[in-house]
Amino acid sequence: MSGGFHVPGTEPEGGGLAAAPPIAGLVKRSIAWISAILLCAMMLLTVVDVIGRYGFNAPLSGATEMTELLLSAIIFIGLPAATLDRDHVTVDFLTDRLSGGIERIRVPFVALAASGVLAVVAWRLWVIGEQIAGYGGVTVSLQIPIAPVAYLAACLTGISACVMLAMAGLALRRR
64 MSGGFHVPGT
74 EPEGGGLAAA
84 PPIAGLVKRS
94 IAWISAILLC
104 AMMLLTVVDV
114 IGRYGFNAPL
124 SGATEMTELL
134 LSAIIFIGLP
144 AATLDRDHVT
154 VDFLTDRLSG
164 GIERIRVPFV
174 ALAASGVLAV
184 VAWRLWVIGE
194 QIAGYGGVTV
204 SLQIPIAPVA
214 YLAACLTGIS
224 ACVMLAMAGL
234 ALRRR
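Numbering (our numbering), first residue to last: 64 to 238.
What follows is a list of derived Cβ distance ranges for each label pair:
id	residue 1	residue 2	range
1	G115	H151	34 to 44 Å
2	G179	I138	13 to 23 Å
3	R237	L205	43 to 53 Å
4	I207	I168	41 to 51 Å
Read the hints as simulated data drawn from the structure, not as lab findings. Heads up, the beta-carbon is just placed ideally off N, CA and C, and yes, glycines get one too.
Whenever a hint applies, use it, and build me the whole structure from the sequences.
See below:
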């Protein structure tokens, strides 16, 4: 098992995908900073909750809800960056043995299929967000609306689907 999405024939001398546009680096750095800030907030929230719970017998109200919301935000914010970096988990025990001709067909096909799956997931997340918004779903303790989190997840998954589709196009163009 390895991480990464490989497009044959697109490696520069140093390896990896051919030079990405400068905006991709800026987007990835921005995502990394946003994720780091959210992760630090989640960590501090957990520390305060644990100290309050076990040190003072007074847990932080709504800490579990906030942790859940922050965790889901971190995961979906990181999805486009993982897609840009081709860091999705792959199982390559069979594909390492394929010839270059089959590989040139397989790579764009898999990227198109992955793009389609991501698009379906994005669509379903949006539908779920609409359902939650329809009944006014909020968290139990803090009454935070849940629908915006579902919409955020849907949009970021849709962006990942577009990135994967662009990778499929790049793989087809490099054939």
